[in-house]
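Q: Chain residues, written in single-letter form:
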Amino acid sequence: MDASPPVVTVRFNRFLPYWAVFQTDFHYTLRSWVYRLWVLMAVVASTGLLVYRMGLHTEAGLFQSAAAHCSDVFRLLIAGSLALIVVLAVSAISGERATVADAVLSRGISRYQYFLAKWHARLLVVAATFAVLAACVLLASYFLFQDASQSDLSLRGGLAAILTVCALFAVIVSWGVTIGALTNSTMLGITIFWLVLYGSGFLLTLLPEPWPSPERHLARLQFMLQGQFNSELVTQLLLGSGVLCLLAAGIGLLGFSRRDV
Amino acid sequence: MADEGEFVVETQHLTKIYQNRQIALNDVTLSIEPGCVLGLLGPNGAGKTTFLRLILGLHRPTAGWVKVFNQRMSPNAADLRRRIGYIPTNPQFPKGMTPITYLDYIARLFGLPASVRKPKLATLIRAVDLLPHSGDAIAHFTPGMTARLAVAASLINEPDLLIWDEPTHGLDIEARRSMLELIKRLASEKTLIISSHNLSDVDEVCNHACVLNKGQMIFHGSLQDLKGRIRKNHYELDLDGDQKAISKSVQAVRGLKDVTQAILRHRRLEVKLGDETPNALVLAQLFQILADHKVTLITVRSIGMQTEQAYLDLVEKEEGRGFARLYQVAEAA
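Going down the list, the protein sequences come from chains A and B. This note's numbering puts the first residue of the first sequence at 1, with every later residue one more than the last. This note's numbering puts the first residue of the second sequence at 262, with every later residue one more than the last.
One chain only, chain A, in its complex shape (with noise of 0.2 Å):
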């Protein structure tokens, strides 16, 4: 009697469609021209501001504080990469629509892995990026201003002010992931996502002071980098960013997962 082939069962990795989505997405924003716009802006926006200021520090004698000067490098870099990392957290998800999400979300992925693994490709590659670039402008700062920095910059205070940038991008990526996945187009996401980031943004100025706000918190970035800050204010921040990051994703998720693609 003939032997009946032997039936090999395959054990799925149920993690893997979540990790292959992450990574192509990682890989594929670092290369895409938006995020290299942002960082090439971010570079020259930064060295030629820290070209100018060390320039009236060698010649013409002013005095320059190093954080004072990192505190207007970091809102210098926040103000101009606001606009290209909206339209890489809207693009996420809504850029693929219909043609290579087809595609991907015909096979065996669900739609909370693939939204997941886009937001948290999104979150990586901005926050990391941010992080190195402000880590750079403090180090380029402390060895060229190294006489004042001396008393000026602080360690702590600067992971603190990166920490805290890094928070206000991870709420701006979330939602912008989130209305992207809930918008049939990249444009109307966009349009959609600055209405609510200068709606909300009013608002906040509006709270009262106990009340975290983002923009009192960027008024204060020299003196955090200095080290003079309320580590429990810093904590509500991160605290109130990682809420609003999850509400947002949770509301991603839901809304994702019962739409036509």
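The set of hints was computed from the structure by calculation and includes no laboratory data. Among the clues, some could well be false.
[What the hints assert, rightly or not] Reference listing, derived: stretches of chain B covered by chain A, where coverage requires no fewer than 3 residues with Cβ under 8 Å from a Cβ of chain A:
(1) 312-321
(2) 337-345
(3) 370-384
[To be verified] Simulated pairs of lysine to any residue, SDA-like, Cα-Cα distance not exceeding 25 Å:
(4) K533(B) - A545(B)
(5) K356(B) - L84(A)
(6) K356(B) - S32(A)
Every residue gets a Cβ at the ideal spot worked out from N, C-alpha and C, and that includes glycine.
Following the hints, position chain B against chain A.
A: Then chain B, alone, in the frame of chain A:
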């Protein structure tokens, strides 16, 4: 393969209305058995792609439901999609990928571990004849190569159900022939749903058909049923010989009792027999007449048994029903 007795796909009152603006699919109820090769037919905008996307869980039904392998399909039913291989109409690939990286990506989306997916993708690349191009960017591929890659991607998870939307679309004759041969081979071990505009393709590879028209299913059954129910006893004969002899023989054919119509166009004779007429007997008489007049018979075709004609008649009939559609289900369904 799916278990015996279990339907591979089952839909009940499946309806899809897009944003309260467009009715893409209207009350489709059907079941597909294991081993079935279903040809999904219909004009543009009939709802074929919507139907396939509903089966895959890419769209959510407005009403009704879809079951695949006896379980409800939903956007999060990743386990069900692991058993399906899908080719969209115009397959799109992420930029910058090569066949190896793309198939590896797709296999990872199915959760296949490296020990399974690496040998599998190598085998598939060889099988679809993309070995010399396995390191080239997909962006530079011809439509034929793209189609072959899409086939490989749809087979990488060894699916029980294959859903191929217009698989021969844009292919040259040779590539189309290879695709049809592949479908015939796969048909022996898998269940297939093939959407196509090309009725001769469906005729060649499918054993069942489903006809959609403006979102409504107007026929679902075996291909034989579709061919057989419309325009029975309608033949076309290509003749050769002396023109006078052909004309005389046609006169004689018209004289036959059971021939309802005999039209001669150049050297092509179109003959219609009565619906209940035993065709063998009449055709024997017809051939005898041709032989008596020394007319050579080059080819004989049964028009009524062609899928294209049957399909066109169905759609035409459905269009002509008007308000009767409100109260009667389509006759053919």
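Q: Taking the hints in turn, state whether each one holds.
A: How the hints compare with the structure:
As drawn, the segment 312-321 of chain B meets chain A at 5 residues by the rule of a beta-carbon pair under 8 Å; at three or more, the given contact holds. A count of 7 residues in the segment 337-345 of chain B with a Cβ less than 8 Å from any Cβ of chain A is obtained; the coverage claim is therefore met, three being the minimum. Remark: the segment 370-384 of chain B is confirmed as covered by chain A, as 6 of its residues place a Cβ nearer than 8 Å to a Cβ of that chain, reaching the required three. This hinted pair checks out: K533(B) and A545(B) have alpha carbons roughly 14 Å apart, not beyond 25 Å.
This hinted pair checks out: K356(B) and L84(A) have alpha carbons roughly 21 Å apart, not beyond 25 Å. For the given pair, K356(B) sits about 11 Å from S32(A) by alpha-carbon distance, which is consistent with the 25 Å threshold.
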